[in-house]
Structures are given as C-alpha cells and as structure tokens.
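As given, the protein sequences belong to chains A and B, one line each in that order. Residues in the first sequence are numbered consecutively from 1, following the working numbering. Residues in the second sequence are numbered consecutively from 1, following the working numbering.
Check before you lean on any hint, since a few could be wrong.
Straight-line distance between alpha carbons at most 25 Å, and here's what the computed SDA-like set of lysine to any residue pairs gives [stated by the list, open to error]: (1) Lys-133/B to Leu-84/A; (2) Lys-87/A to Val-56/B; (3) Lys-87/A to Leu-225/B; (4) Lys-87/A to Glu-218/B; (5) Lys-87/A to Leu-107/B; (6) Lys-271/A to Glu-19/B; (7) Lys-133/B to Gly-86/A.
It should be emphasised that the hints constitute simulated quantities derived from the structure, not laboratory data.
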Amino acid sequence: MTTTLEHKAPVIKHEGGGLARHQNFLTAMIGGIAGAFIAWAIAHHLLDQNVRTTSDAVAVLTGCGWIVGFWFGIGALNAPFAWLVGKDQTRKDQLYYAGEDQGTKRYWKYCTDHKVVGVQYIVMTMVLLGAGGILAMAIRTELIVPGNHFVNQQVYNGFIAVHGMLMILALIVAVAGPWGNFVVPIMCGAKDMAFPRLNALSLWTLVAAAGLLLTTLAVGSLTMGWVVLAPITDQAGVGMDFFALAILVFTVSTTVAGVNTICTVFTMRTKGMTLERLPIMVWGAIIAAALGLYAFPYFSLVEALQILDRTFSTSFFVGTGGGTGWLQANLFWLMGHPEVYVILIPAVAALFEISAVMARKPVFSYRTAIAGMVGLAGLSILVWAHHMFTTGWAPTLGGPFMVTTELISIPTGLFFLVLIGTLWRGNIWMKLPTVWMFGFIANFIIAGITGIYLSDIPIDNQLHGTMFVTAHFHYVFVGSVLFGAIAALAFWYPKVTGRFLDEKLGRIAFWLAFIGVQVTFMSMFVSGLRGMPRRYSSYSFIFEHTNFITTIGAYMIMAGMLVLGGAVIYCWNHGEPSGSNPWHANSLEWLVSTPPPLENFDVLPVITEDPYNFGKELVRS
Amino acid sequence: MSIDTHSHHDAHADGGHHEPPEVVDGRQRMSIWLFIGGDAITLAALVFTYLYLRGVNTSGHWMSMLGYPGPQLPGGHSWAFYDANVFNGSNPAAPTTIVTGPLSSGLNWLGTVVTAISAGLIWSAERALRVAKNKSAFTMLAALGTIVAFVAILISFHQLSLIPQIYSIHNDSAVMAFTAYGSSMMIIIGAAIVHLMLLVFLGLGLTLRSARGAINVENWYQSRLVRMFWVWVAISAVATSALTTTINTIH
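So here's chain B without its partners, still in its complex pose (with noise of 0.2 Å):
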C-alpha cells in the first residue's frame, strides 16, 4: 500500500483523543442509529413474538386457560385457578375455559403519552441549548422530561401489575402463570421499562452534568445523541400501543 506519511499531519490528526467535537459527535451518531437499528430489530422480534402467539392461538389459550374459577384477586383484573385438590367438592367436575381480558387500553396510551411528552421536554431541552443557547432552560427541561420518564415507569409497573394472570396452589406451593396474550404484554411493558430507565439514567446525566457546566451551550452535542434515543424509544412506545391496544382479542 503507497502511503504519503508527511502530508496530512494537521492539529486535528494529532491523537483520537483530541478531535474536534463535530468529528466526534458524528461518530456518535452512527453509533447510536446502529443502536437503535439494533433496538429496532428486537422490537420487530417481540411483535412478530406477539402476533404469532395470537395468530397460533395454541389450544385457544392466548387469553384463556383451562381451570377453575376462583374469586377475584384484588385489582378486579387477575383471575384465580385453583387446583381441584385444594376445593374439593366446591369445584365443577371439569376445568372450564376461564377467558382474561385485555389490558386496559387506556392506560396503555396514557404511559406511551407520558413517554412522549418527555421526549419533548428533551427535544425542547435540545433545542433551549442549541438554539436558543440558554442553558437554564435546558437543565430545567432535562429535568423536567427525566421526571415525566420516571413517571412512565411507574404507569408501567402498574400495567405490569394489572396483567390478567392464573393463579394455583399445588400443595401449598403458589403457581402464578401468564396466557400467551398474558406473557406477550409482560415482555412488552418490561422492555419498555428498561429502556424508560435507561433514559432516567440518560436524563439524569443530562441534568447533572448541566448543572456542573460539563454540557454547555458550545457543547450540545450529547444532548442530540440522548434525544435521538429517547424519540427512538418514544416512537417504539407508539408503534406497541397501537399494536397492542387495536391487535389482542381473537373474535
């Protein structure tokens, strides 16, 4: 290979550690579009897992089990299957289909809603620093947007906790089980819910490091790379509302 070694020795050559931050920055980009393109595909694996769960419908049970009726758990949502040899006498001879609902649609939105408002507040958090180069107004919205993300945390926790689920007692050992549609939400609000805390961890950084004059209004580029991720994770929050609130009965 010709090479030319006295040619192309400028300042910025001058060690990977000392680039300008408009070459690094670029860098980081692709970095964090490769991530999302990574992120992208487990997403499309988990609505292909969730669409062939419902499409299979094996044994008719992506909402449904096989089992005893028992009283409502509290919540109203959980249904209970108790093992015949726990109630015997006060159960039917035969298991009967005990069908679970979906999970409430409303509340499904109002997280993914949340989750998009705080990508706003970091977008406007961006734009404050780049723009309008006003710093208060960017660690104040950073703020702002990691808060409203906690709180689509904790609307996930609950969704998780409102998932319809089966409920036995085997000789005094608990069995909890999730149907397929059960199972599908639970793999869904639980990625949700690390990439939410992901961005708390982000957005928390973002604040902080504001707040120390590490980000400043010469060196907005971290908050783009952090606001790229967040509207990724915030469109990827749509796409599985929309999926799963129009998608999950089997008529």
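Here chain A stands alone, though its shape is the one from the complex (with noise of 0.2 Å):
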C-alpha cells in the first residue's frame, strides 16, 4: 500500500519561547559585533602591547568575542543555561522554537525545526559558494592575462586561501547540510532530529564561522592558502587568526551535526525501517558524519595548534622551538583527504536516490553501494601522506601510501557500477535531476581518473603543486561534488517548495556549467602538464592562452549559476506546482504532504517494504 499522508495541523495559540521571542539573526549580529567590540576593547586594554604576539592574541579574544555575542544574540546559549538552574523547556516553549504559526520570520530563527534548518543551510549554502564563486572569479580575471594587476599580489593571495576556505565549508554542507536535515530524518520516519537544538546550534555556528571567514578579507594578509601551510603562517597577518578561529567554530557545528545524524538514524527509525530497508541516501549521511566524526578533530587540533603558534609563542611548527612543519602537514592531512569523502559520500548517496527513482529500478545492488561507501570511507584515513610525497617526509612510507591510494579506485568503482548498473535498462525520466546527475558521472570519470595519476609517485613528483592539481581537485569538486549537489536541489525542491525547479532555466545553467567546466579545466590540466604552478598571481607567456580559455570557460560556469540561482530564488514562489510526489517515489519523504508539517507525521507509519520496490503501476509510460 503507498499513500499519502495529508496533516491538518491544529492551530495552537501558545506563549512559550521566553527569551528567544526576540532573538534572531539581526540580534545575532548586533551581539556578535558587540561581543567582538567588547572582548577587543578588554583584550586591548589588558594585554602588554609591547609583547610581539598581542596583536593576535587581540584578534583571537576578539573572534571569540564574535563567536559568544552570535550565540548569545541568536539564542543558542538560552536552553544550556536554563538546563543549569533547571528550568526545563515547556511543551510551549518546545514549540515556539520549533516555529510553530511563525510564518517566514522562522527562518531567522534559532529554529528547532529540522525542515527549517535543511532550508536554512539550502541558504547559507548558496550564499557560501556565491561568495567562494566571487572570489574565484576574481583570481580567473586576474590571472586571464600575464602580468595583469586587477589586484595586488596580497590580495591575491587573500582571495585563493577564503575562496579555497568557503569552498569547502560550502561543499561540506552542500548536500549534508540541506538534506541531511530537510529529508533523512523523515525518510526514516522520524518526528525531529534526535536532538533539534543542537540542530539548530550546527547551523548558526557554521554562520558564525562563515561570517569570521568573510571578516579576513578585510583585514588580509593571509599568505598561505586554504591548508594553512605552516611555517609560512608566520608571514601571514591577524586575518590568519580569524582564519583559524572560523575554522576550530566550523568543527564544532560539524561534529554537532555528525553526532545527531548518527543518533537519529540509529534511535528514531519507526517500526519497520529495518537498517536493510533504509533509503540509501541515509546511509550515505551517517557514512559520511561518521567520517566526520574521525576527520574533523584534527582540522580543529591543527588550527588551535596555530593560534598557540601565533599567539602564545609556542613552537609546534616552528623549526627553532624544536617544531616542525611536517607535524602540520600530518595532521592537516589526516583530517584533509577523509574530508574529501564527508563532500563526496552523501552526494554520490544523493544520486544513488535519485538514479532508483528515476530509473524506476531499486538501487543496484545496494549492499555494494553500501560496502562502496564504507570502503571509501575507511581507505580514505589511510592515503593521507600522498598529499607529502614531495615534502621529504617518510619517503620509505611512499609506496605503501600509494598503494592505499590507488585501492580507493575500487570503492570509487563501486559507485560507477552502483550508479550505471541502475540506470542500466531503466525507465529514466530525463528531468532536471538526472540531467545533472549525468553531468556527474562524466566529470567524475575525468576526476577519479587523473586522481589515479596524482596517486603515482613518479608523476606526482612532477605534478605536484601545479594546475594539474588544480584542476584534478576542481574536477572532484566543482564537476562532481556541485553536480550531485544540484541534482540534488533539483530532485527535493518541490519537497520543499511544492513547486518545480524550472526545466528550462536548469538545462541552460546545466549546459554553461557542463561546458564551463570542460573549458575550465581542461585547459587548467594542459597548463599544469606545461609545469604552471598553482597560487602564483602572475605566470609565464607560455601559459596564455590556456589561462585566458580557462577564465572564459570559468565565467561561463558563473553564468551558469547565476542563471540556477535565479531559477532557485524565482521558481520558490513562481515555479510550476508539482504536488506532493512529483516523481512518484516511494521513500516517506514523498509520502507526507508538501510542505511536511511540524513533527513530519501524525500517525508514525510502520515501514513493510524496502523504498525501491517500483510497482509497474508507477512505471511511467
């Protein structure tokens, strides 16, 4: 039996929320600034400014400042201390924090409501790569000729570390973030997240980190790129602190959110939903937050090891103190290449999704997409010095890191065969979702591939710290990680909107950015191959005319986007009405009516058959 369940939510009057009535993102903000004016004005006035490391020590205080007034402002921090003088929520306030007869103003909110905060990331999302896309348009103009000076050479190097930072911050929650919330806890056939304030606490720490992000642009000097390469953060100025500061926040609103995936997935599945009858795209949530789980404390260790570097004179990755920049690259690494798999998983898990439904078969062989997963999620916390074939360090470690590097070619095929053997003889309904996730697979191909040369020591070593590079990682992540990410967007818009995303302004942003990123890129690989290093503001003449056809193709992946984002911020109100299940999925998610109310079910369904099980009666002609 497949049904629909339609909710008539009553109307509550309720005087719950206390405090948080008048909190929100604009009180957010006003806290932050005030929280980061007040710990620099302490900062400043007690610390020794004849001492070398204040400066930075001021802008570390004043980033905390920011972090704690944002908290404050926005209302994270109410819960934690009425839990210490034990004033318990009511139901009332319970509900007022969920967003109950709030309108839009929730969105503002330190909502608790999970298909809030999956809106709110959708968001913040978007806003992260509008603002990393900027930047990257930027460094193309700057490096579309030889010699050009459309900003200086600092700047420059300002631009390529934040547009590299918001870029992966992005990615990170590109699909995790909206879909993670939005859908998997319904999918399966859970009223909430397991624990909705920390929810809600993951999102506007990732907003608060985000903003400290963005500040470093004005403030500048940040020489060493997004991996924050030590010894050179010693030349780097107080934005490095920010730097650092944004990132050590961003670990702990995704470690929140990796903890309450897992917790949700593993105690709030209703009656049936067997870990066998999961929807795949589940799965490939809690992969990935577990990875997250393991990968993200080093991302934080080796910022906090930074700030200690820079503002206690510490010598963790300074050579004269008995420190050393290979600890840093260690422990950058360790958390860098798993982080590759917490982006990559759950879109790939997206498509998986999509593929069935779309193909109207059940996912091929799921336990090997599973298995697929779990492989690539273990193999990846074992390849992380081949990021330091070049550095000198354990060159006897060389060949066995290659070796793991190379096995991740096979989980990676499992995904291939996952995916083409779902399609394979299928019934595929060529909407917007599937365009996109087509356009996955052939920029996937060429990233997994030239991922297998970087893996080769020999070519590495003359690759390395080129635009091959460049372009091998922008394959993974611009062709194939923002791919499965739009594909995507597209198939769970009208879950969320009740409308479509409009097929054609999609297929045109598909088709710049498809071909955009062909230009792009492939460009990017021959100037690399010509031994164009990576970072620098200004290059050879040799290199012209690649660098001016990937600038082009890199402004035709922009219109591409700015074209989806305005189908994206046009389509919410105006898109044509799709219905509840407009493709006729059988996953709860497209059960429940659109938009799903407050606590998702009224009656906890209990789940007798896996989502994939196409009857031919939803076959489409």
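Hints in hand, dock the two standalone chains.
Printed below as a string of structure tokens:
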C-alpha cells in the first residue's frame, strides 16, 4: 500500500519561547559585533602592547567575542543556561523554538524544526558558494592575461585562501546540510532530529564561522592558502587568526551535526524501518557523519596549534623551538583526505537515490553501494601522506601510501557500478535531476582517472604544486560534488517548496556549467602539464592561451550558476506546482504532504517493504 | 515504500517531545558515546603531536633552545634567553644550548588524581540517586565533585605557569617562546582545562537542578550522562599523565 499522509495541524496559540521571542539573526549580528567589540576592548586594555604576539591574541579574543556574542544573540545559549538553573523547556517553549505559527520569521531564528534548518542550510550553502564563486571570478580575472594587476598580490593571496576555505565549507554542507536535515529524518520515519536544539546550533555556528571567515578578507595578509601551510603562516597577519578560529568553530558545527545525524538514524527510525530498508541517502548521511567525526578533530587541533603558535609563541610548527612543518602537514591531511569523502559521499548517495527513482528500478546492488561508501570512508583515513609525497617526509612510506591511494579506485569503481547498474535498461526520466546526475558521472570519471595519475609517486613528483592538481580537485569538487548537489537540489526542491525548479532555466544552467567545467579545467590540465605552478598571481607568457581559455570557461560556470541561482529564487514562489510526490517515489519524505507539517507525521508509519519496490502501476510510460 | 499508517499509533508515538525518559536516555547515551569518540580522536591527535615532536626532536630542541642563559625567573622553572644586543658584552660570543627540564611529575599526577577523585564523587552521586534513592546525598556529592574539579582546574593553571619557557627581549619588545616539549604540555594541559571547565558547568548544573527539584530519584538519567563524560575526562587525564611523565626526556 502506498499512500500520502496528509496533515492538518491544529492552530495553537501559545506563549512559550521566553527570551527567544526577541532573538533572531539581527540580534545575533548585533550580539556578535558587540561581543567582538567588548572582547577587543578588554584584550586591548589588558594585554601588554609591547609583546610581539599581542596583536594576534587580541584578534583571537575578538573572534571569540564575536562567536559568543553571536550565540547569545541568536539564542543558542538560552537552553544551556536554563538547564543550568534547573528550568527545563515546556512544551510551549519547544513549539515556539520549533517555529510553530511563525511563518517566514522562523527562518531568521534559532529554529529547531529540522525542515527549517534544512532550508537555512540551502540558503547558507548558496551564500557560501556565491561568495566563493565571486572570489573565483576575481582570481580568474587576475589570471586572464600574464602580468595582470586586477588585484595586488597580497589581496590575491587572500582571495586564494578564502576562496578555497569557503568552497570547502560550502561543499561539506552542500548535500549533508540541506538534505541531511530536511529529508533524512523523514526518510527514517522520525518526527525530528534526535537533538533539535543541537541541530539549530550546528547551523548557526556555521553562520558565525562563515562571518569570521569573510572578515579575514577585510583584515587581509593571508599568505598561506586554504591548507594553512606552516611555517609560512608566520608571515600572515591577524587575518590568519580569524581564519584559524573560523575553522575551529566550524568543526564544532560539523561534530554536533554528525552526532545528531547518527543518533537520529540509529535511535529514531520508525517501526519496520530496518537498516536494510533505509533509503540509500540515509546511509550516505551517516557514513559521512561518522567519517567527519573521525576527521574533524584533526582539523580543530591543527588550527588550535596554529593559534597557540601565534598567540603564545609555542613551537609546534617552528623549527627553532623544536617544532616542524611536517606536523602541520600530517595533522592537516589526516583530516584533509577524509574530508574529501565527507563531501563526496552524501552527493553520491543522493545520486543513488535519484537514479533509482528516475530509472524506476531498485538501487543496483544496495549492499555494494553501502560497501562502496564504507570502503571509501575506511580507505580515506589511510591515504593522507599522498599529499606529502614531495615534502620529503618519510620517503619509505611513499610506496604503501601510493598503494592505499590507488586502492581507493576500487570503492570508487563500485560507485560507478551501482549508478550505471541502476540506470541500465531503466525507464529513465530525463528531468532536471537526471541531467545533472549524468553531468556528475561524466565529470567524476575524469576526476577519478586524473586522481590515479596523481597517486603515482613519479608522476606526482612532476605534477605536484602545478595547475594539474588544481584542475583535478576542481573536477572532484565542482564537476562532481557540485553537480551532485545541484541534482539533489533539483530532486528535493519540490518537496521543500511544492514547486518544480524550472526545467528550461535548469538546463541552460546545466549546459553553461557543464561546458564551462570542461573548458575551464581541461585547459587548466594543459597549463599544469606544461608546468604552470598553482597559487601564483602572475605567470610566464607560455601559459597565456590556456589561462585565457580557463578564465572564459570560469565565466561560463559563473553564468550557469547565476542562472541556476535565479531559478531557485524565482521558482520558490512562482514555479510550476509539483504536488506532494512529483517523481512518484516511494520513500517516506514523498508520502507526507508538501511542505511537510511540523513533526512530519500525525501517525508514525510502519514500514513493510524497501523504498525501491516500484510496482508496474508506477512505471511511467 | 509500503507502510501501514494505522497499526502503530500508541501514546509514545504521539510526538517526539513526549517520549518516555528511557527512550530519550538511550539516545542521549549514544550521543555521549559519539562525543567521547570524537574526543578520543582529539586525544589521539594530541598524543601523536607529543610523540611526533619528541621523535623528530628538530635540531635537538625538544627541551632546549639555542640562546644566552640569563637569571632564572620567579618560580625557578623558567629559563631566560636574552638578546645579545641587550646584554652587550656580558654574553658569550656564541649562543649556548639552554636545556629546560620536564614539568614536575608529582604535580602532574596530583592534578590527575584530583580529577579522578571528582569523577569518583560524581559516580557516587549517581549511585546515591539511582540505587540508594537518596537525593540529598546526590546533591551533596555532585557539589563536592564540582568543587574538586574546580580544584583540578587551579592545579592545571598552576602547571601551565610552570611550563619551561624561553624569554627574550628584542628592542623593548618581549618575546616568549616554548620548546616543543613546553608547547606540547601547553596544549595537553590547556585541553584538560577546557574539559574541566565543561565538567564544572555540568556539575554545577546537576547540583542546582537537584536543589530545584529538576533531578530526582525517578529522573536520574542526566546524572549518568554527565558521569559518563566525567569518567572519560578522568581516563584521558590518566592517559596523558602516564604518557607525559614516563616519556618526556630524550636520552
């Protein structure tokens, strides 16, 4: 039996919420700025200005003031302090925090409804991608001709660092944020996330971290790229302190989100929702969350050490005091490579979901799909040193790390097997999500193959630090993950808004982006193969033509993203109505009304079959 | 997906916010285990940092630095390294190696034992509530555990002040630096302080909530959650003390 659970929520007037009634994004900004100013004034007054590290210490404390003030202003600290004094939330309070009867205002508040948090993540992801994209355009404009002076070299360095980190943060949350929050709890048959307040905390902490990160552009002097290389960080100005603190805070956000996701799936599934009946997207969410729990502590530690080196003159990465840059490299890449799969796995899982629904077939070899994701997650923690082949660190370990890196192609191959197997002889519905999915498959093949080249030590010795590497990971992040994220957006957009994402505009965006990716990064491969180094603001005339082509391609991608962004905004209120289940899918999120009601279900369903058992009556002609 | 919408409508299913305490408790325990897991990774990374820096011993500077020995600073544990320009003529022509010593093992273990005692008190508090159903004993023991954890914070701050440091003056600007050993101890002790502060917050919460009736003999689950994390902090303190007091100098 397949049915749609309609919900008629009674209108309840209530008076809960307390202080939260007066807290929102505006008060958060005011609180953050006030907190930063107070912390700056205190630090400036108390710390000895003759000490070399004082300016860094003042910057760190100012950043901490921003975070605490922001948390206070948005209402994140209400519940902990209410708990402290023994004042638990009432049901009315909980409903207020969940945004009941608050209309669109709840999107600007510390709202605990997972669907509101999901929408907030969509907006946040678009803002981060937009900001990172603007920086990418600035970088490419600087590089359009050799010796260009669109921005000066210090500003260019800052753009490189902030562009990289913004995009990484955006892609970490691009799928897991919106859909891990909006659809995963419903897919499990849960009424909300396991810890709704922590859910809101993870979102607003990300907002606070992003604010801090963007501030670094104004402060400047970021010499160290997004990987925050030591000991060059010594040359960076106080922007580096904000940068490191932003990452530290971001890891709090991801840790909280990861714990919440895992607890939701393992403790809140409805009756009959066995692990083998879980939609494959849910598996992707929990595997990525678990991998994040492993990886991000390294991220927070390496940034904490950077801050200590700069503010307390410790010597973790300073050779004269017994430290070493290799420590930074090891800690960073212990996080850095798993992080790639924290980004990739949710996108791939979303595509498994989309491929099954759009081809009207079960996910091909469901267990293989899970094994692929688990295998990828497991192997990803054993490959970090391939980022350090050319640094001279532990040369004898080069061989083993090369092997583990090349082994990654096996679970990656399983992804292709599952995707192609699911689509094979399916009754494929070529709608917008499917189009972007095919874009992913094409780009991910190139990303994967070039990755195998780079895992090979002799080739890596030649190509490391060149534009070839930049092109490779942009095929991973832009060509693959971003395309997957957009496919997921197009797929679940009707569930969020009740409207389709415009097919025509979506396809224009697709072709602009798809052709743009090939133009941009194929020419970048050529620049890299010819020896052009990364991160430089100027270059030799021999790279002139390929860089010109790369920049034109980048503009095409940006044009595509602008079209897509415009479509997302326009269709939110003006798109073609979609109904509750436009794709005739069987998983639970499609069986509740659109938009889903507060707490999702009036009556929790009991699951009796897996979500991919498409009957003949549902096969489209 | 086939579903049955009628056969699973019981009182517990009527809202995630009205679930029975044991269901919520199971979920919260899982979250604590996951947070502890993440914290264990951080601890492992700290241990890696400590052992890596000691193993690499860059330029032999795990516990030493090149410089000009000066008078000992207050406390007797810090060494001074003065800029040759400041003490023109009174310094040796070439810098010599200034060797700093490890932190006091006794003080290190004292902080750990105090942390362990606070964990024991919180555990006893939980048992008093869960087994003996004695709420007043719970309140007293929780308060005591919190105070003891606060003492552990004070000991840790004292330890921080004793970390060997190299101190120099450049053109009237003070420059203080820590060796790799001192740096590692700073992050380990600093992490302990952050955890202890969290414990004090949680302990204070247990005490105040118990005093206000928000925790009682039927509602002892929160005390177990706090105890789980508290015991983990004590275990990690033992682990780091065992590491840093037995493997510190290089022979």
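We went through each hint and held it up to the structure:
Annotation: proposed proximity of Lys-133/B to Leu-84/A holds, straight-line Cα distance about 22 Å (limit 25 Å). With a C-alpha separation of about 52 Å, the suggested pair Lys-87/A and Val-56/B falls outside the 25 Å cut-off, and the hint is violated. For the hint pairing Lys-87/A with Leu-225/B, the CA-to-CA distance comes to about 18 Å; that is within 25 Å, so the pair holds. Note on Lys-87/A and Glu-218/B: the hinted pairing holds, with a Cα-Cα distance of about 17 Å set against a maximum of 25 Å.
For the hint linking Lys-87/A to Leu-107/B, the alpha-carbon distance of about 39 Å lies beyond 25 Å, and the restraint is violated. At most 25 Å may separate the alpha-carbon atoms for a hinted pair to count; Lys-271/A and Glu-19/B meet this at roughly 15 Å. Of the pairs offered as hints, the one joining Lys-133/B and Gly-86/A holds, with about 19 Å between alpha carbons and a cut-off of 25 Å not exceeded.
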